[in-house]
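**Q** Below, each chain spelled out in residue letters.
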Amino acid sequence: MFRYALILMTICLVSAFVLAGTYKVTHPVYLEQMLEEEKQALGEILPKAVDFKERQYCDSSYFVGRDIQGKTVGYIIRAETNGYSSIIKMLVGIDAEGTIVGIKILSQQETPGLGAKITEVRSGKKKPWFIQQFKGKNFKDLNLENIESITAATITSQAIVEGLKKEISKILPYLK
Amino acid sequence: MDVNFNKILTIIISMVFVNNFILSKFLGLCPFIGVSRRTKPALSMGAAVIFVMTGSSIITWLLYRYILVPFHVEYLRTVSFILVIATFVQFVEMFTLKNFPALYETLGIYLPLITTNCAVLGVAVLNINDFFMEGYSVLASFSYSVIQAFFAGVGFTLALFLMSAIRERLDLAEIPECFKGVPIAFIVASLMSLAFMGFTGFRF
Amino acid sequence: MKRTLFQEFSKGLSVSNPVFGLVLGLCPALAVSTSVSNAIGMSAAVIFVLTCSNIIISSIKRLIPKEIRLPCFIVVIATFVTIVELVLHAYFPNLRTSLGIFVPLIVVNCIILGRAEAFACRNTVMRSMFDGLGMGVGFSFSLIIISVIREVLGTGEILGIPVLAKAEPALFFVLAPGALFTLGVLIAISNHFRYKRGQTVKLKGGCH
Chain D
0 MFRYALILMT
10 ICLVSAFVLA
20 GTYKVTHPVY
30 LEQMLEEEKQ
40 ALGEILPKAV
50 DFKERQYCDS
60 SYFVGRDIQG
70 KTVGYIIRAE
80 TNGYSSIIKM
90 LVGIDAEGTI
100 VGIKILSQQE
110 TPGLGAKITE
120 VRSGKKKPWF
130 IQQFKGKNFK
140 DLNLENIESI
150 TAATITSQAI
160 VEGLKKEISK
170 ILPYLK
Chain Z
0 MDVNFNKILT
10 IIISMVFVNN
20 FILSKFLGLC
30 PFIGVSRRTK
40 PALSMGAAVI
50 FVMTGSSIIT
60 WLLYRYILVP
70 FHVEYLRTVS
80 FILVIATFVQ
90 FVEMFTLKNF
100 PALYETLGIY
110 LPLITTNCAV
120 LGVAVLNIND
130 FFMEGYSVLA
140 SFSYSVIQAF
150 FAGVGFTLAL
160 FLMSAIRERL
170 DLAEIPECFK
180 GVPIAFIVAS
190 LMSLAFMGFT
200 GFRF
Chain U
0 MKRTLFQEFS
10 KGLSVSNPVF
20 GLVLGLCPAL
30 AVSTSVSNAI
40 GMSAAVIFVL
50 TCSNIIISSI
60 KRLIPKEIRL
70 PCFIVVIATF
80 VTIVELVLHA
90 YFPNLRTSLG
100 IFVPLIVVNC
110 IILGRAEAFA
120 CRNTVMRSMF
130 DGLGMGVGFS
140 FSLIIISVIR
150 EVLGTGEILG
160 IPVLAKAEPA
170 LFFVLAPGAL
180 FTLGVLIAIS
190 NHFRYKRGQT
200 VKLKGGCH
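Protein sequences, first through last, are from chains D, Z and U.
In this text, residue positions in the first sequence follow numbering that gives the first Met the number 0: the first is 0, and each later residue adds one.
In this text, residue positions in the second sequence follow numbering that gives the first Met the number 0: the first is 0, and each later residue adds one.
In this text, residue positions in the third sequence follow numbering that gives the first Met the number 0: the first is 0, and each later residue adds one.
Do not rely on the hints blindly, as some may be mistaken.
Said to hold, decoys possible - Below, a list of computed lysine-lysine pairs in the BS3-like style, where the Cα atoms sit at most 27 Å apart:
#, chain 1, residue 1, chain 2, residue 2
1, D, K139, D, K23
2, U, K195, Z, K97
3, D, K23, D, K47
4, D, K38, D, K52
5, D, K164, Z, K6
6, D, K165, Z, K6
7, D, K52, D, K124
8, Z, K97, D, K169
9, D, K23, D, K88
10, D, K164, D, K88
11, D, K126, D, K139
12, D, K88, Z, K6
13, D, K70, D, K38
14, D, K124, D, K134
15, D, K164, D, K103
16, D, K125, D, K103
17, D, K169, D, K125
18, U, K195, Z, K179
Note that these hints are calculated values from the structure, not bench results.
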């Protein structure tokens, strides 16, 4: 009986050892690559900024983008909204007045072919058409009527509009 | 975040209908096809799975929270979870054999099979993914996990029960030879899954 | 009658094909086959875990007492699965996100535990390695077939390259019901050929 426990424990120890080793090798790569991805996402939204500083706000955070001279170019906030079948997470770039400069959708699990079209890229273009149309609009003017929504995906389209309005208006007074 | 009743309701609806483990997440298919021919064994299997899923989720949650995270060995998650599940099922089997021999007879071979049921490990991992982020209090994380596990089992049992009821009738129908048995079961399951997709937009 | 090494390998492709013949390893077969690239990623992972665990289990088979063989197999398999998880996390994060929860679930893939129990603990390392490779490739074969059908019919593309000229793709196939439907039809087709060959054993499905 005791022998069994000993054998099982040995196998577990060897396994733990092997895994610890693998973890030590792969984890730094993972962290580095996460950082790269984030930097790239931020750079995509505020192309003029070269430096991003993260600031705390309630229980989340936002980024301040600055150009070479240290002047604030814009802010990037995290926005979450309840879509049709999932929570849509986005990064939204705005200026001090709340005009949208760029959006990047981080994750969504909307219905493929319908709600998922928010990430659809039309041929010949580089960025998703649905998201691009928000550029240059101020959050106060955001309305389901004055954007091109997705056919048969009203709830998703609305969720994004409402989500943007809510999150931007919420954080705007606190931006420094 | 503290325990929120609305969230609990969302979890229940999600686990039983919207993200039904068998019909939309495809976890737990092996017993689904193997056990679902008659309603009685299907219900017994379902009950056993609910019990194992809830019990092992509790243990794995505690293991993760109080051993894996403090020692920064989260990567041992898969190994430790599956061992916990295998051990738990073993204990359940021994316990049933000793104290409820009649029940053991009914469940027969299905009990040890639950170890390799994707659903059990699936819900344990799902709990970690969903409720171990910033902002969840310990109590909230734990209760959501347990509730999620229990109702995932309920959803599993529901799908299993519906399937077995349909298959009992199917046995009397005329089906082409090469479709008999497993293939027609899958096609029926596909129609059920299509029906369950109607629950997707369900919200409060 | 001992099979040659090549026969150990090839049996996984036809007669004992995990998905169509033995109806094992279903969960990933359905969830992951939404696109061919996912299927290829999952196949690589499964081949790796299956072959390596077969090799290790076969090498230490004399040290494992019969009574605790299952937990021991599980630990070995889980170790390789975690290695895959960590490597994917660091080097192939997109694949990791698409495969999602099914990476750790490789550990409960009936195929791997089944081969360990039925084969690796009774045969030499060489044979076990080829058996693992064969079963793994057989599994990949079925997974890729399913995903080709689903991706072509569902989105009109393979690996992102459009193949359907004018026809509109049927979204049904990339969604959950389509997976079940495709699998059901494919198993029926496979049954048809088996019955023609005279094998009358009907499938029961599930792990044993």
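**Q** Evaluate each hint against the coordinates.
**A** Right, here's what the structure says about each hint:
1. D:K139 <-> D:K23: 49 Å, violated
2. U:K195 <-> Z:K97: With a Cα-Cα distance of about 48 Å, the restraint between U:K195 and Z:K97 is violated, given a limit of 27 Å.
3. D:K23 <-> D:K47: 37 Å, violated
4. D:K38 <-> D:K52: 11 Å, holds
5. D:K164 <-> Z:K6: Holds, at about 24 Å.
6. D:K165 <-> Z:K6: Holds - the C-alpha atoms of Z:K6 and D:K165 are around 21 Å apart, at most 27 Å.
7. D:K52 <-> D:K124: Violated: D:K52 and D:K124 sit about 30 Å apart, past 27 Å.
8. Z:K97 <-> D:K169: Distance ~61 Å between Z:K97 and D:K169 Cα, so the pair is violated.
9. D:K23 <-> D:K88: Violated. D:K23 to D:K88 sits at ~31 Å, over the 27 Å cutoff.
10. D:K164 <-> D:K88: 14 Å, holds
11. D:K126 <-> D:K139: 24 Å, holds
12. D:K88 <-> Z:K6: Holds: D:K88 and Z:K6 sit about 18 Å apart, inside 27 Å.
13. D:K70 <-> D:K38: 19 Å, holds
14. D:K124 <-> D:K134: Roughly 15 Å between the alpha carbons, so the hint for D:K124 and D:K134 holds.
15. D:K164 <-> D:K103: The given pair, whose Cα atoms are some 16 Å apart, holds under the 27 Å limit.
16. D:K125 <-> D:K103: 13 Å, holds
17. D:K169 <-> D:K125: 30 Å, violated
18. U:K195 <-> Z:K179: Within the cut-off at roughly 15 Å; holds.
In terms of the numbered hints stated before, the structure departs from hints 1, 2, 3, 7, 8, 9, 17, listed from lowest to highest.
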